[in-house]
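Given chain G, put chain B with the ligand in place with the hints provided.
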Amino acid sequence: MRPDQVLRYRIERGLSDKTASSIRSLLRMASKIRISGCVGRWPELAGQVREIKEKSAAGLESLLEQAASRMEKNGFRVFRAATNREALDYISGLVAGGLVIKSKSNAAKEIGLARVLEEKGCRVVESDLGDRICQLGNITPAHPIGPAIHVPVDRVAQIFSNELGGKIPADPSEIVGAARKLFRRNFLQMDVGITGANAIAADTGSVVLTENEGNIRLIAGLAPVHIVVAGIEKIVPTLEDAVKVAHTAAVYGAGQDIGTYITVITGPAEPAEVYVVLLEQGRWEALRENFEETLYCINCGSCLMECPVYLEIGENYGSRYVGGIGVLQSTFRESFQKALESGLDLCLNCKTCINRCPVKIDTPRHILRLRRKAAPGRPPAEKILLGRQKAGPQGEGAAFLIRGAERLLGKRDEALHGWRLRRPLGSVDCRRLMPSATKKTFLAGQRGFTLPGAGTRVAFFTGCLINLFCGEIGDSALSLLRRLGVEAAVPRRQMCCSMPNLAAGDWEGALAMITANIDLFEREGADAVVTACATCGSTLREYPVLLDGDPRWHARAVSFAGRVMDITVFLSGLPGIKNFRGEFPSSVTYHDPCHLARAQGVREEPRALLAGIPGLKLAEMSDPDACCGFGGAFSLKFYQLACGIGSKKAASIAGSGADTVSTGCPGCVVHLRDVLQREGMKLKVMHTVEILEKALTGNRGGVRDGRPAGGKSR
Amino acid sequence: MDGRLVEKAVKSLEERGIRVCLADSGAGALEMIGEIIRSGPVALSNDEYIAGLGLCQMLRAGKIEAFVAGGDTVPRDPAGGESESLSKADRRDRLARALEGAAWGVTGAAAIAADTGSILIMEEGGCSHLVSALPPAHLVVAGAGCITPTLGEALSRCRQLSRRSLNRPLAGRISIISGPSMTADIQGVPVKGMHGPLEVHLVLVREEGKEAGAAV
Ligand code: SF4
Chain G
1 MRPDQVLRYR
11 IERGLSDKTA
21 SSIRSLLRMA
31 SKIRISGCVG
41 RWPELAGQVR
51 EIKEKSAAGL
61 ESLLEQAASR
71 MEKNGFRVFR
81 AATNREALDY
91 ISGLVAGGLV
101 IKSKSNAAKE
111 IGLARVLEEK
121 GCRVVESDLG
131 DRICQLGNIT
141 PAHPIGPAIH
151 VPVDRVAQIF
161 SNELGGKIPA
171 DPSEIVGAAR
181 KLFRRNFLQM
191 DVGITGANAI
201 AADTGSVVLT
211 ENEGNIRLIA
221 GLAPVHIVVA
231 GIEKIVPTLE
241 DAVKVAHTAA
251 VYGAGQDIGT
261 YITVITGPAE
271 PAEVYVVLLE
281 QGRWEALREN
291 FEETLYCINC
301 GSCLMECPVY
311 LEIGENYGSR
321 YVGGIGVLQS
331 TFRESFQKAL
341 ESGLDLCLNC
351 KTCINRCPVK
361 IDTPRHILRL
371 RRKAAPGRPP
381 AEKILLGRQK
391 AGPQGEGAAF
401 LIRGAERLLG
411 KRDEALHGWR
421 LRRPLGSVDC
431 RRLMPSATKK
441 TFLAGQRGFT
451 LPGAGTRVAF
461 FTGCLINLFC
471 GEIGDSALSL
481 LRRLGVEAAV
491 PRRQMCCSMP
501 NLAAGDWEGA
511 LAMITANIDL
521 FEREGADAVV
531 TACATCGSTL
541 REYPVLLDGD
551 PRWHARAVSF
561 AGRVMDITVF
571 LSGLPGIKNF
581 RGEFPSSVTY
591 HDPCHLARAQ
601 GVREEPRALL
611 AGIPGLKLAE
621 MSDPDACCGF
631 GGAFSLKFYQ
641 LACGIGSKKA
651 ASIAGSGADT
661 VSTGCPGCVV
671 HLRDVLQREG
681 MKLKVMHTVE
691 ILEKALTGNR
701 GGVRDGRPAG
711 GKSR
Chain B
1 MDGRLVEKAV
11 KSLEERGIRV
21 CLADSGAGAL
31 EMIGEIIRSG
41 PVALSNDEYI
51 AGLGLCQMLR
61 AGKIEAFVAG
71 GDTVPRDPAG
81 GESESLSKAD
91 RRDRLARALE
101 GAAWGVTGAA
111 AIAADTGSIL
121 IMEEGGCSHL
131 VSALPPAHLV
141 VAGAGCITPT
151 LGEALSRCRQ
161 LSRRSLNRPL
171 AGRISIISGP
181 SMTADIQGVP
191 VKGMHGPLEV
201 HLVLVREEGK
211 EAGAAV
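Taken in order, these protein sequences are the chains called G and B.
Using the working numbering, read the first sequence as starting at 1 and increasing by one per residue.
Using the working numbering, read the second sequence as starting at 1 and increasing by one per residue.
Some clues are possibly wrong.
Said to hold, decoys possible - Restricting the straight-line Cα-Cα distance to at most 20 Å, the calculated cross-link-like pairs of lysine to aspartate or glutamate (EDC-like) are:
#, chain 1, residue 1, chain 2, residue 2
1, G, LYS181, B, ASP93
2, G, LYS181, B, GLU199
3, G, LYS32, G, GLU306
4, B, LYS192, G, GLU65
I should point out that these hints are in silico values taken from the structure, not numbers from a laboratory.
Bound conformation, chain G alone (with noise of 0.2 Å):
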């Protein structure tokens, strides 16, 4: 199978298995306040681990030197292995058979342990209860955190009391009880215990490990033979960083002040034996390509635990590693085509996970960076559209084919002022309602010159989904600017923002665009460069980190991205913007557009501008940052996911009572119009600028179902 079917078949895997997906709402929904409350107890935890992440990644090579000789002071066998393989073999040399007890453990899931243990006649007993539960009752685990925690109470009894002999009534306190004993009997006879680790203490060679339940412990103590299997990655500087490791799992992962029980290993207890396996696979590869973030994450699942795609398809998106961070995990560890086929075009760039992760790393920006080696597989008609990018301003250049085919292909839906696919195209969805393109560009009806205003000139920059389906926000944000006194041009030869080659992998594209952009807005000369379109504003504010280590253009870059502003923030800065003519008595919701709130930390802006328009009455929706599903290509691949994320923000919208959705960003719009209408929800969906154009001139118009009237280029 190519990888994009096994994608695929994930995917389908994932949507279809409705208990998991249950259960992660309800572990998201039951440990969101209690994470966010402990982090908020431990500010300073992040940071700290952040910086000894990176000076642990960076002095990699001499740490682990340090490492493994103390570690062998102490009296550890410590065995490198460079690759999978080499650290199966060396353990399987060491265990002759008997019972092996094993908690959970990362690096053990990495190299597939238990499985070659159990075909050398081991018996293999996972000590942790969840995972326990599931190996005993042949249960796939439903979640990291809780693998059986989708189990009913009383198979659990039985799968016990089958064990046990009797009968165990179908309560949590008696089964525990009756699982602890029948654990010790195990405990008490085992040959061999594998554990892994949180961290490695290089000053002192230890091995810390954190749990609630108290198996580890057991492991460490009473092991004749213990053996640790860890990544290089988890060698940090001394004791107390590998301690703060540990803290900070459990503060991110489950949101408690400090796991239970953390062990620290310094010396095996005589008689015992601790052999440390190290695992190199693919961390030297990672360091080598600049992917040195990737080793910094402490595996606390805390990314999870809001993202969009995990939230759908669970550990279907990722491979031995869930989510994204084990897409990139699974390039280096696993390979290339693993990535693709565990969901490297799975990410939507929303950025949640971000913000959530305690050493912060851009996940979205790595795979980003990976997808540069999928291009080259690109379907011949993506590859086509996006290289028609260049050959025009925003979006122009493939008009024709998109025009085309809306014309041959599709079917119009006059109701929604959109179009359908007749039948699929490639991997496009026929469900998906498209905008029409209008038969005027923007960029097209804009006059060639500016009109002197009184004080500020800005440039805008409209944006591929502006310029082609939506003039009408184009409209409302330059009439509502030269409204205000502000000189507002509109170069005519403005490219795209890049963002959709970025994503698909298309750098080179992406880089001339890139680059025409920061020429053109410099001869502009404008005081700033303002637009209504959030994931433009995002991107067009990368451009340094794109351009990162290019003499020719990192400054101009700098200096380009630094004039970037949201029109809403600009706007929030004028004087004239309260002198509203007219009202929008409507109830209003706002999304917050994931490029604007997480990438810009716009939040504040355009929740006031819509709050002081008289008549209008705002109505907060759960969750208003969540992601809406569009991701650009990403709805139009994968539309079934699209929607599923799309329905959760349906629920938030429907739950304001608001009957008007306002947002900052024309994706968000196009994509959340097609969501309404399939749950059947009558709501507008418009542009922040577009009601406050309305408001500000007293042109209320007519709005008509989910699309605002008098778009000018219509």
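This is chain B with the ligand only, laid out in the frame that chain G set:
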């Protein structure tokens, strides 16, 4: 002694589910332990501080079975075999079985972290580790002098104690304990006592000028 530090530590420890009693002297501590431990067998870690308190004698006087685990002391073989001839592995095995039958494990503490509410038990051989891990209830007796403001400082204290008494950077084991053993793996219901103790008690002795027992 810093009263506010003690107060803060007690608050955090209790938030973690550890039951704390404050005693003003060793004698007071013994009295409190007598109230808490009503039946045996009781396993005591081989710890100077605990030995100095005379806890073992007190328990036995109250007709509660008590034994010291670790060091040279090996619990009596129920079958009546000789202790001296046992191999290290057999001794350990027998210790584990004796602890498995114990109702209480009693240890000292090397440090207590006030910020996280954690008890740090440090030792070289691994006996205190088992005393605090196997029995269903764990009682810690420690002087309030071992309380440090933060977990980081508690670790520094462990380093100092290791240097002083072992002349090594760090002793073989530190167990950082912040509550009773827990699981929520069955339908998310929290249950205590999965693999470790269901109860953790701390008797904190506020004795002026006396250094806490560091179980190394
Ligand atoms: S990437 Fe995810 S699992 Fe790793 S440290 Fe960050 S939040 Fe935790």
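Cross-check of the supplied hints:
{"no.": "1", "hint": "G:LYS181 with B:ASP93", "in the structure": "holds, 17 Å"}
{"no.": "2", "hint": "G:LYS181 with B:GLU199", "in the structure": "holds, 17 Å"}
{"no.": "3", "hint": "G:LYS32 with G:GLU306", "in the structure": "holds, 9 Å"}
{"no.": "4", "hint": "B:LYS192 with G:GLU65", "in the structure": "violated, 41 Å"}
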